[in-house]
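Work out the full structure: start from the sequences and follow the hints.
By the count of this note's numbering, the sequence shown reaches residue 210 at its end, each step adding exactly one.
No lab work stands behind these hints: they were computed from the structure. The structure displayed is predicted, hence computed values, not measured ones. A few of these clues could be false.
The calculated label-pair distances, taken between Cβ atoms and stated as ranges, are [to be verified]:
1) Arg92 with Arg192: 44 to 50 Å
2) Glu187 with Lys117: 43 to 49 Å
3) Lys142 with Val185: 38 to 44 Å
4) Lys117 with Ala89: 17 to 23 Å
For each residue, glycine too, the CB sits at the ideal point set by N, CA and C.
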Amino acid sequence: MAETEPTPSSLSRKIDGLLRLARRPDGTPFSNEEVAAACRETTGVSFSTTYLWQLRTGRRNNPTKRHLEALADYFEVPVAYFFDDEHGAKIAAEIELLGALRDAGVRSVALRAVGLSSEALGTVSDLIDVIAVREAAARRARGAGEDRSTAEPGEDRA
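Shown next as structure tokens:
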């Protein structure tokens with residue numbers, strides 16, 4: 053009988069989200085091994101790379117309080133992030149925003165928007181929406197063109 057993939061729990065999604073969004077100053081992500089080692093070193097809690105991977109993927113879903121405290125300390129989030137979905141959602145949104153602000157272009161636009169009137173901010177927001185729609189359409193068109201260009205002669209991939 054084949055082993056089925058576990059359904060990610062709220063906890064595993066939260067842990068995975070922290071690991072996906074947390075970055076070194078150069079923008080590269082931390083590995084499970086680095087996070088587990090840092091948790092061991094700073095807290096003294098036994099924390100293996102495999103155990104972190106299991107928590108992250110939902111294969112284990114009942115960590116000890118000490119493990120969650122170690123992760124919270126490492127990622128600098130309150131332990132409540134892991135337990136309280138409402139509180140966790142707010143923190144996740146803040147983490148996502150911080151992740152976006154790591155991008156120099158996004159940060160530049162945000163900093164230049166400081167001090168603009170509400171009307172001007174609305175205009176900037178509308179422009180960004182229009183550009184995003186155009187870029188998405190261009191990506192779809194390029195993808196469709198690539199599909200046709202890789203089709204066998206006489207094959208229609210529409």
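Hints versus structure:
{"no.": "1", "hint": "Arg92 with Arg192: 44 to 50 Å", "result": "holds, 46 Å"}
{"no.": "2", "hint": "Glu187 with Lys117: 43 to 49 Å", "result": "holds, 45 Å"}
{"no.": "3", "hint": "Lys142 with Val185: 38 to 44 Å", "result": "violated, 28 Å"}
{"no.": "4", "hint": "Lys117 with Ala89: 17 to 23 Å", "result": "holds, 20 Å"}
When the structure is compared with the earlier hints, a violation turns up for hint 3 alone.
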